[in-house]
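Visitor: As a plain string of letters, each chain reads:
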Amino acid sequence: MAADPRFHPAAGPQSLAAILAAAGATADAPADVTFEGVASLSEAGPREVSFFDRDRMAAALAATRAGAVILRPEAAGRLPPGCIAIRAAHPALAFARVAALFHPAPPPNGIRHPTAVIAATARLAPDVSVGPFAVIGEGAEIGAGSVIHAHAVIGPGVVLGPGSVVHAHASISHAICGARVVLHPGARVGQEGFGFVPDEKGRYVTMPQLGRVILGDDVQVGANACIDRGTLEDTVIGPGTRIDNLVQIGHNCRLGEGCILAGQAGLSGSVIAEDRVVLAGQAGIADHVRLGRGARIGAQAGIMSDVPPGTDVIGTPGRPVRSFMREVATLRRLAAAGRPKNEQDRT
Amino acid sequence: MAADPRFHPAAGPQSLAAILAAAGATADAPADVTFEGVASLSEAGPREVSFFDRDRMAAALAATRAGAVILRPEAAGRLPPGCIAIRAAHPALAFARVAALFHPAPPPNGIRHPTAVIAATARLAPDVSVGPFAVIGEGAEIGAGSVIHAHAVIGPGVVLGPGSVVHAHASISHAICGARVVLHPGARVGQEGFGFVPDEKGRYVTMPQLGRVILGDDVQVGANACIDRGTLEDTVIGPGTRIDNLVQIGHNCRLGEGCILAGQAGLSGSVIAEDRVVLAGQAGIADHVRLGRGARIGAQAGIMSDVPPGTDVIGTPGRPVRSFMREVATLRRLAAAGRPKNEQDRT
Amino acid sequence: MAADPRFHPAAGPQSLAAILAAAGATADAPADVTFEGVASLSEAGPREVSFFDRDRMAAALAATRAGAVILRPEAAGRLPPGCIAIRAAHPALAFARVAALFHPAPPPNGIRHPTAVIAATARLAPDVSVGPFAVIGEGAEIGAGSVIHAHAVIGPGVVLGPGSVVHAHASISHAICGARVVLHPGARVGQEGFGFVPDEKGRYVTMPQLGRVILGDDVQVGANACIDRGTLEDTVIGPGTRIDNLVQIGHNCRLGEGCILAGQAGLSGSVIAEDRVVLAGQAGIADHVRLGRGARIGAQAGIMSDVPPGTDVIGTPGRPVRSFMREVATLRRLAAAGRPKNEQDRT
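Sequences listed follow chains B, S and H, in order. Residue numbering for the first sequence follows the numbering used here, starting at 138 and increasing by one per position. Residue numbering for the second sequence follows the numbering used here, starting at 138 and increasing by one per position. Residue numbering for the third sequence follows the numbering used here, starting at 138 and increasing by one per position.
Looking at chain B on its own, in the form it has when it is part of the complex:
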């Protein structure tokens, strides 16, 4: 079964030639064969294209009814008879491109819904679409090809580069963004950070949060995720970084290029993450910690000190994965053995 056309209308049939061009792939079949869409191995039919890149899916591959499957050249022999092999070095990447061929992102149409409140001094490229009840503040700038969905709130002075998408109910203020930034529904960018100091009587006095949020090109911020603006300097998210739902990024954090933060991960204030750092789900990083380039932080890890580049850590406090697993096994064995020998000796 292809994608539900109520939600994902397909851009008509596509020829194998077009598919190969999108995929950067090759196949031994007539270039004018056409397909209707894409689907998973188990749901695809003869008019659909699927892909295979993990051994976990081997049984689904052997049983697939797909008309064509994108896979590595060496896997072509595992296809059922009659199924066209589309050979690609990176099947998932090729499939992503083919799926986008069938389901291109709808371009903006330049329509501003009559209910939207757009400040007179805001500058929107002519083709920017603005949905119902969106609010765009004084002096905001929105680049060509951007789509602002219903109920989005773009604060005064915010800059969004070309090709950006702000989904329903997202809000952004005090922020300068590059091209193709995506804010998913309910994302919060640029609000006041969590900064205050006790006064002489112990009452908390807010430290004015006078910085901004800088989002590089192609940054995506997940649903209901939060990025606070900086206190005196800026909170910076490098180009291409992807932030999943419900992630928290405190004030003054600086993330490099191509980082990945999975769901519910959290950064306290002033964390530095160099390029291509990966945080798995629910990982937490203490304030002022530096994560070196390419460091990978395991799910639920609690990181209290710097992590060298290229290092994988897990646990609380974080440690190398091998150490963590050895500790888990050691403790399990000691507990199963009952009280340890050196204790038993004393009794």
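Covered stretches of chain H (chain B as the covering partner; in silico rule of three or more C-beta atoms under 8 Å from a C-beta of chain B):
id, region
1, 226-237
2, 297-306
3, 315-328
4, 359-370
5, 382-395
No lab work stands behind these hints: they were computed from the structure. Using N, Cα and C, we set each Cβ at its ideal position, and we do this for glycine too.
Following the hints, complete the assembly by docking chains S and H onto the known chain B.
Guide: Below, chains S and H alone, put in the same frame as chain B:
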């Protein structure tokens, strides 16, 4: 003190007969005695009904000024003199029904606020209420008795079964829902999942997310919780499943009937949870893990591998509760004893 | 570099006299010297004021180009030549006040945006500002000097004391609030708690949630944080308590004065936190636990039982920091040593 009438207006006095009928309970008192509302044991007065079902509340029971208390038959003797015993096998359940008798959910009134933007092709049952600034997309269907509150956004083609409630600021897209679904404020359902693949230069290319979210009858989604739509297949939440605030459910997860996910729990992608699985707060489940029927996952547990049906696990990685507690005790003892014997021998 | 004037317009130059008055500080320099704004040590120029209060910033202090620096009297000798020392006992507090002098919170202007939907029976002080698409319900009361931003939803009967600020997309219902309460974007206050009981067939029946949320003076609720209303009694947040982004507070919790809950921390239902309790990020507290006055709960700690006043705990289950660290070290040593001696003896 009864519920604050500014927020919870009561449906007038109720007779003991009506109360017993709602509760499925019995009492030795005149059927025409009336009560004004419900309250906790410590706050109830003579015109109010309370309930008792936990020994923790024994002192409050002994001191209560409530006019009647719902409790198990065997506890009736513990009531203060003059307080009517309403005997029920399941006091909390009976109380929930009596509380709903006094405070019924307001029925929809069929009023669409003039500011709401409802697409011409959306089909709403006649009695559906729609609040200010709600947006309902093309082709959406909303069943009888549903209430759409202020600022809700219902995407094109979305189906909501009868008796559904969408609270303020919730958004839903790419979704088909059964009856009596409730989305609490700020819930996010159906947005794009966190799927992408690196291209040849390491830049992330979004994998089109072409699936849907399927919510069964009676599913509830908590405030600011997120459920991403599937990649090629669907994200599915079985009937009766209750999801608390700030929970994250990644793309392609499939949950069975009657699951419970407490606050801030998180499921990575493609997790399978069979019927009646329970996740306590902040628990996290790695991708592709299967949780067997009735498995119970402790607070903050980090589950990296399948959990058999009916099993209780806790910790990271997850293990049986007894093992976890034994490990905690073992480590505490070893640490308290100072360096272990075999280390001391070497010095 | 001072704050970006697009986002943080400065209230003109300020004299040293005004700065000293705001800071409660002293300096040996002409009172009529003026400054343009505030900045960090590394970004400030000769027309800007900065501050120094942590040894971590010693290098930045030595190299600063700031015109004046707020610091403790004993640190004045560490300033570069020509930089004015502004001596204060609490430099960060003094700086917060000086920053607010340059960047005062914009006062409300009494303008109600024509798109806002304000119930006829709502009572707003004359100077309250209301942004586009805000919704204010029947009988709500909003005190003088409050600002309601775009898309905020204030439910029927809600009371907000004077000087409150409700940011974009925040929602509040079933709540009574003191003065100067701040709800950051997307905060959720007063929605139904997570309460239900299984019926005879195992289906969950909602327990009506008939309580309220009570927010004391000066409470702040972070972006996308959630506070559920009580079941029969109230959820109460004491004066001055600060709640960070994405925090979850379940029904019936009662927090004292001046508590601090950092990002993504979570309280199950009916937790008691006495005055000045601190929860670090991602900490979780089981239901019905009591945290004593001034208890400090470490990041990611999982607290299952009461914590005495003044105690610092960390880990899951929570334990004193010293014990936790000793256990971490003990386990690391045992695992590194390979299988323990008493196990080796048997092989």
